Amino acid sequence: MIKLDKVSKVYANGHADIIALNEVSLQVAPGILIAIQGASGSGKSTLLNILGCLDRPTSGMYTVDDADIGKLSEEGMAILRNQKFGFVFQSFHLLPRYTALENVMLPFLYSLSPPANPEQTATEMLERVGLGNRARHLPGELSGGQQQRVAIARALVNKPTIILADEPTGALDSKSSQEIMDLLSELNADGMTVIIITHEPGIAAQCPYMLTLADGRIHELRVPDTGRGLEKVVAYL
Amino acid sequence: MRGRLLGTAIRQLRSNKLATLLMASGIIVGIAMLTVVIALGQGTKARILERVDRMGTADTFTIRTTPWGEGGGGGSGDHGGILLGFQDIVNLHEHVPGVSAVLPTLNARGTVTAGVMVLEGVSVQGVSQNFQQVRNWAVQAGVFFSDFDIIEGARAAVIGQAVANHFFAGEDPLGKSILVEGFQLEVVGVLAPRGATGSGRNADEIVLVPQDAFTKVFQPTGISTVTVQVENVNDIERLAQEAKAYLETLFSGGELYVRIPMSTVGTRQETSNTFTRYLTIVAAVALLIGGIIMMNLTSLSISARTREIGLRKALGARNKDISLQILFETTIISIFAGLLGVVFGYLLKNILAARLELQTVMTWHAPVTGLFFAIVIGLFFGVRPANRAARLDPVTALRSAG
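So the sequence lines, in the order shown, correspond to chains A and B.
Using the numbering used here, read the first sequence as starting at 1 and increasing by one per residue.
Using the numbering used here, read the second sequence as starting at 1 and increasing by one per residue.
In isolation and in its complexed conformation, chain B is listed as follows (with noise of 0.2 Å):
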């Protein structure tokens, strides 16, 4: 019986196609500004996510000894820091489930030298050898260190872009010596550029060394800064404050800092949208206009119909047939709607796209969500037209002049 009744709702859409179209038009509108609205904010998220592997990796957080400073970036110096035990930070993953790498960093500003050119305040860094892994930062020219590198010391030096620029413009720099603070290293490799952090500070400003090379040239007691990779984003936060929660416990100093920073640049990025939420408002605001355009439509539509109803309830026609047949049309005129509303919210966030400069990204979720807003508008406002029409008197309705 309910196919036979949506067989006919279908009917009687298609009967009059001009005012089943007027009576979608302020669904489709309102469903098409949904649509742009998710694809922005699936854009913003995006760039997100762009800009955090930019600055290392969107799977990892920081965790330090002290505290990040004003314009205080992910590589400033803390030399001088209260430190860490070695083994302590390197069995983390086997007291914090979860975590699949940790990279202890050995942190220090120092002047770098070759030749007779300086650079000063250039950051040092004593890494291990999943530093390519964890900072998602791989070597361009020549080679990462080897574990033997690492684990005898070996005084060897990959350098950031800018470093070879300043040192060695034009000439290869694999094989050439700088000296740090003093101290001789071989340059076995060049990390491809990244540009500017964050703080303002050019990214690519580096020398990376053994730890056991940082060690002999700055003499720390222990590490200071770690760095940490998680097996899923999604339980980013926990799995922090749980690793800040453990290593705190050895740590003497007190207070340990974290940084995630896919959950910084996060919030600075939502905070600022308010065109998104300008445009969700208008979006909802279309959706409940559609949905009243739609309900008045199909109360008229109703009314010419009146005697049509009183026929249908002679013949048999139950108070919940012709309810059900009401409810089929306003939910099928909302999921055609909802349908023509993603098109139409598509070629809009297109040309938004481009005229705007706005970033977008059209995912599932837009149609997804589109479509389910729709059905939800049309058995809301069908309700109504719906039971209006069920309560019809049979008899004054035979007799009716619609």
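Bound-form chain A, shown alone (with noise of 0.2 Å):
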């Protein structure tokens, strides 16, 4: 369970402060697939990074699971990271010279417990996306598509219950975003709760709950159609 109660971020910016995010309030129950959409500025990137534990709020408060956020240092936020979160970016974030299957375990390099075969689960992950005969390659010999699906192994290969991806197909032609979408999907109905940010009105109708921002508050949420689950995204409008 991610909540978020009244949580606020300001940036100082000479006179003017800009606030990114306006006493936001929300809870999302696991197992959900949600879209985060909203123009450009409307403060969507900064709840995903304090979602991600990447960054923290000014004030409010966040829970993961009932652990508050922010009571934990540093590096409780970075083992929070690498053990509950997988994070797929649009620009992938796949280490150059690193194979597919060394980037993907990568984030057993952080972790406090890797598992006894890093590159047998890492293989597996890389199975499950589809690309078990690309392990070998770079990521400049794979196609944008299949990029990003090394990109979600590494999402994956740490077991997290959060994939959090933002625009995971701004930079994909429409049959590669077809697919990554489909991916998505699938984790998600194998119970991982999965938040895109995106602003393509086309993925985002792909979701069951879909989250709107303006000017750092919660505009808009849709629920399913067909009513149930209603309980699972409470947002505060």
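In case anyone wonders, no lab produced these hints; they're calculated from the structure.
Just so we're clear, the structure is a prediction, and the values are computed from it rather than from any experiment.
No residue lacks a Cβ here, since even glycine has one placed at the ideal position from N, Cα and C.
It is possible that some hints are incorrect.
Facing chain B, a subset of chain A residues (Cβ under 8 Å, in silico) [unchecked claim]:
hint: 1; residue: Asn82
hint: 2; residue: Leu95
hint: 3; residue: Leu109
For lysine to any residue, the following SDA-like pairs were computed, each having C-alpha atoms within a straight-line distance of at most 20 Å [said to hold, decoys possible]:
hint: 4; chain 1: A; residue 1: Lys6; chain 2: A; residue 2: Met61
hint: 5; chain 1: A; residue 1: Lys84; chain 2: A; residue 2: Ser113
hint: 6; chain 1: B; residue 1: Lys216; chain 2: B; residue 2: Gln129
hint: 7; chain 1: B; residue 1: Lys320; chain 2: A; residue 2: Asp55
hint: 8; chain 1: B; residue 1: Lys320; chain 2: A; residue 2: Met77
hint: 9; chain 1: B; residue 1: Lys320; chain 2: A; residue 2: Leu80
hint: 10; chain 1: A; residue 1: Lys71; chain 2: B; residue 2: Asp393
A short, non-exhaustive set of chain A residues, derived as facing chain B with CB atoms under 8 Å [claimed, not checked]:
hint: 11; residue: Ala78
hint: 12; residue: Ile79
hint: 13; residue: Arg81
hint: 14; residue: Phe87
hint: 15; residue: Arg97
hint: 16; residue: Pro107
If you follow the hints, you should be able to join the two separate chains into one complex; please do so.
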């Protein structure tokens, strides 16, 4: 369970402070696939950074599975990122000199208890995203869609509960985009929470839940038409 | 986890070998200079030991009843000085532990004749059995005095090279007779040549006689010079002072005088060694500059890797994981630079030694010291870039262009 309680993020900018997030309150139950959309500057990236423990709120309280992030040290936040979250970025962020397999294994470097056979675990993840035969390839030798799948395998390798995807299809053609969305939907079907930031309505439309941000506030929350699972995402507008 | 971070550091350095070599370059030069300095220092030390060995031996000191005057060498005459009792001297090792041998010597300068030839001002020394050991001076031809010769005060002489050449050029001096102050002695041995002493006197212009024979010729009333050998040369300063203090309690004539050949020569050599001191400064400056070069290039390399560091943090790297990786990088660079610097220093030392005819000695000191300083510099100049990298904000780093 992810829970934001009146979370604000303010950036000092000369005389006038910029309020990127303005008292956002939100609850997301496990196993949800939700899109966060909004115009540029609406605060969606800031929200994702705070959700992923890459950044701290200026005020308000953020809890992940009842753990108060505000009370965690730098090291505690790093461990949480390593164990609970899997990040997927628009520009993939693969290390160019590392093979696909080595890129997938990277999170183990910072794990307090890496698996007994890291290479096998990483290979399994590559197979899961359909790239078992590309393990020894460098990112430069892979297509954009394949690179993003390597990045997803890397996000999955430490068995996180939440996937945070920041414009995961932003750099891909429509066919590859659809493949990535299908893959993320599959992960959600397996029980993982998937949070996707996007400005593409087509992508957002594929998510059962959709949150729209405007000027650092929650503007709209759309829930599934079926009416089931209404209580799973609660937003305070 | 540390081992895996070390592997990551090695991988990073190997991925850009030219940059790594550039980072190491300054330290390589610095360590090479340091190696040369140490080799020169060791060479000077070896030269001191060599000189001391020629004068006497490095592990001995001499105590006399009279001071060493201007230009007074170790063997100059002190005939007529106030004298010590023989038994006190022989038993010195019982009172000063660490003393391994004692050679009481009677000194005089006298006229030596053989046939019609005369040699004046020859150093005549009344010695005991352990002369060869304590003075590190062996007989080259014939024999040294036997125990019997010493006890009986036999009319025998062991002569120096210069004396042998003067009287017996082209013939065998053994068995021939010489007169010392009119007292007839048979030549039983010739000492190995030793050459000029520190004071310019010819050390080979010497005649050794058994102590009792000396007494018959010069009629001294006691011993005036004692050469003492110690077990461990590192204790020599302390033992010399102890021996002097002990003998002064027995000696009625006041102060005794000590000379330690090792220290005398050593001081003279070190003060004159400005070249080595100059090189030491150059080496230190080179190391400092080398460290700064490495620090700046590492900072540059971190700037180029900002996005990567941001990613590593997103994947769970803690600040200390990042800084440890950077510290591993700078330390590996400096170990590599240290090893290469020692090799270059060794080559440079050989060139210098050949061109400038400097004496250098390469011992374990140079590589060990070189490597030690290299690692210290790697750690010292690695801390700043490592901390800078560790403090990078992951959000900003992930969005940067680098």
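Are there hints from earlier that the structure breaks, and if so, what are their numbers?
none
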